[in-house]
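Participant: With the sequences and hints as input, model every part of the structure.
The lines below spell out each chain.
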Amino acid sequence: AQTVTQSQPEMSVQEAETVTLSCTYDTSESNYYLFWYKQPPSRQMILVIRQEAYKQQNATENRFSVNFQKAAKSFSLKISDSQLGDTAMYFCAFGSDQGAQKLVFGQGTRLTINP
Amino acid sequence: DAGVIQSPRHEVTEMGQEVTLRCKPISGHNSLFWYRQTMMRGLELLIYFNNNVPIDDSGMPEDRFSAKMPNASFSTLKIQPSEPRDSAVYFCASRPTPNTEAFFGQGTRLTVV
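Quick mapping for you: the protein sequence lines, in order, are chains A and B.
Anchor point for the first sequence: position 56 equals 56 in our numbering, and the numbering is continuous, going up by one each time.
Anchor point for the second sequence: position 84 equals 1084 in our numbering, and the numbering is continuous, going up by one each time.
Just so you know, not all the hints are guaranteed correct.
Listed below are the simulated EDC-like cross-link pairs for lysine to aspartate or glutamate, each with C-alpha atoms no more than 20 Å apart in a straight line [as the list claims (entries may be wrong)]:
#1 A:LYS102 - B:GLU1101
#2 A:LYS55 - B:GLU1101
#3 A:LYS102 - B:GLU1044
#4 A:LYS102 - B:ASP1057
#5 A:LYS70 - A:GLU29
#6 B:LYS1078 - B:GLU1062
#7 A:LYS73 - A:ASP97
#8 A:LYS73 - A:GLU15
#9 A:LYS55 - A:GLU15
#10 A:LYS78 - A:GLU29
#11 A:LYS78 - A:GLU52
#12 A:LYS102 - B:ASP1056
#13 B:LYS1068 - B:GLU1044
#14 B:LYS1078 - B:GLU1014
#15 B:LYS1068 - B:ASP1056
Chain A is nowhere near these chain B residues, computed Cβ spacing over 10 Å in every case [what the hints assert, rightly or not]:
#16 VAL1012
#17 HIS1029
#18 ASN1050
#19 PRO1061
#20 ASP1063
#21 ARG1064
#22 SER1066
#23 LYS1068
#24 PRO1081
#25 ALA1102
#26 THR1111
#27 VAL1112
According to the in silico footprint, chain A covers these stretches of chain B (three or more CB under 8 Å from chain A) [said to hold, decoys possible]:
#28 1013 to 1025
#29 1087 to 1098
Read the hints as simulated data drawn from the structure, not as lab findings.
None of the values given here were measured: they were computed from a predicted structure.
Beta carbons are placed, not taken as given, at the ideal position from N, Cα and C, and that holds for glycine.
Facilitator: Take a look at the structure:
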């Protein structure tokens, strides 16, 4: 079964700094999809960025980028020039492309951006 | 599209009572997920439907939990009887195809006293 691990329960940085959130996963599949979701205090789950495992190029969305290391099964999220509005829970998720095609989430990292 | 719609937003019930949570997925989405979010366990996948058929219910905690999807536009998650440890936020999510992201509803905050 696929598992997703986020080893940092909480992180805190100053506004405008760069922060990296860690995520590792375990799978025997060769093709799959990885996601980062943001959950602000409003509770709404918002997609931040998406990566297909067959693509070697790391995905980027404005200030958000990922470091995808397929061999190491690592998928970290980098937030550049952090803003107060980035304060939220961040969840890493694994999407299977085979079998039951489940979408499994990590435990989450609570990120606080301080003024 | 209005997005994934869940009801109610909040539910407070007494231990032993039956609780039914409802979800309307985005039209045209073939997959539907029910998740439970707690501080201790994060986001747990409870059950997953594809084309209205339950594909994986291995995350359903025990027989007190059941889920149905009678048609493509409606799903329910029922807890009977409810217990205080069931208190959590329950999310419904849908997606059009397996290689896309899931879209989440606003969640139902359940409190069992």
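Participant: All hints are to be evaluated individually against the structure, with a verdict given for each.
Facilitator: Quick rundown of the hints versus the structure:
Note on LYS102 of chain A and GLU1101 of chain B: the hinted pairing holds, with a Cα-Cα distance of about 11 Å set against a maximum of 20 Å. At roughly 16 Å between alpha-carbon atoms, LYS55 of chain A and GLU1101 of chain B fall within 20 Å of each other, so this suggested pair holds. For a cut-off of 20 Å, the pair hint linking LYS102 of chain A to GLU1044 of chain B stands: about 12 Å separates their Cα positions. Distance restraint check for LYS102 of chain A and ASP1057 of chain B: the Cα-Cα separation of roughly 11 Å lies within the 20 Å cut-off, and the hinted pair is therefore satisfied.
Note on LYS70 of chain A and GLU29 of chain A: the hinted pairing holds, with a Cα-Cα distance of about 11 Å set against a maximum of 20 Å. Our distance criterion of 20 Å between C-alpha atoms is met by LYS1078 of chain B and GLU1062 of chain B, whose separation comes to about 12 Å. Taken as a hint, the LYS73 of chain A and ASP97 of chain A pair is honoured in the structure, with Cα atoms around 16 Å apart against an allowance of 20 Å. Our distance criterion of 20 Å between C-alpha atoms is broken by LYS73 of chain A and GLU15 of chain A, whose separation comes to about 30 Å.
Between the alpha carbons of LYS55 of chain A and GLU15 of chain A the distance comes to roughly 32 Å, so the proposed pair goes past 20 Å and is violated. Taking the CA atoms of LYS78 of chain A and GLU29 of chain A, the gap is near 25 Å; set against the 20 Å cutoff, the hint is violated. The straight-line distance between the Cα atoms of LYS78 of chain A and GLU52 of chain A is roughly 17 Å, inside the 20 Å bound, and the hint therefore holds. Note on LYS102 of chain A and ASP1056 of chain B: the hinted pairing holds, with a Cα-Cα distance of about 8 Å set against a maximum of 20 Å.
Pair hint LYS1068 of chain B plus GLU1044 of chain B holds up; C-alpha atoms about 18 Å apart against a cutoff of 20 Å. With a C-alpha separation of about 15 Å, the suggested pair LYS1078 of chain B and GLU1014 of chain B falls inside the 20 Å cut-off, and the hint holds. About 12 Å separates the Cα atoms of LYS1068 of chain B and ASP1056 of chain B, which keeps this hinted pair within 20 Å; it holds. Separation of VAL1012 of chain B from chain A is adequate, the least Cβ-Cβ distance of about 17 Å exceeding the 10 Å criterion.
Listed as a non-interface residue, HIS1029 of chain B keeps its Cβ farther than 10 Å from every Cβ of chain A; the least gap is roughly 13 Å. Under the 10 Å C-beta cut-off, the non-interface status given to ASN1050 of chain B relative to chain A is violated; the minimum distance is some 7 Å. Against chain A, the non-interface label of PRO1061 of chain B holds: every CB pair exceeds 10 Å, the least being about 16 Å. With a least beta-carbon separation of about 21 Å from chain A, ASP1063 of chain B lies farther than 10 Å from that chain, consistent with its non-interface assignment.
Distance check for ARG1064 of chain B against chain A: the nearest CB is about 22 Å away, which clears 10 Å, and the non-interface claim stands. Its beta-carbon lying about 19 Å from the closest one in chain A, SER1066 of chain B satisfies the requirement of being farther than 10 Å from that chain. With 10 Å as the threshold on Cβ separation, the claim that LYS1068 of chain B sits away from chain A holds: the shortest Cβ distance comes to roughly 18 Å. With a least CB separation of 26 Å from chain A, PRO1081 of chain B remains clear of the 10 Å interface cut-off, as annotated.
With a minimum CB-CB distance of about 5 Å to chain A, ALA1102 of chain B fails to clear the 10 Å threshold, and the non-interface call is violated. THR1111 of chain B, annotated as away from the interface, keeps every beta carbon of chain A farther than 10 Å; the closest lies near 15 Å. Annotated as non-interface, VAL1112 of chain B keeps its C-beta farther than 10 Å from every C-beta of chain A; the closest such distance is 19 Å. Remark: the region 1013 to 1025 of chain B is not confirmed as covered by chain A, as 0 of its residues place a Cβ nearer than 8 Å to a Cβ of that chain, below the required three.
Requiring three or more residues with a Cβ within less than 8 Å of a Cβ of chain A, the coverage given for the region 1087 to 1098 of chain B holds, as 5 such residues are present.
When held up to the earlier numbered hints, the structure conflicts with 8, 9, 10, 18, 25, 28 and fits the remainder.
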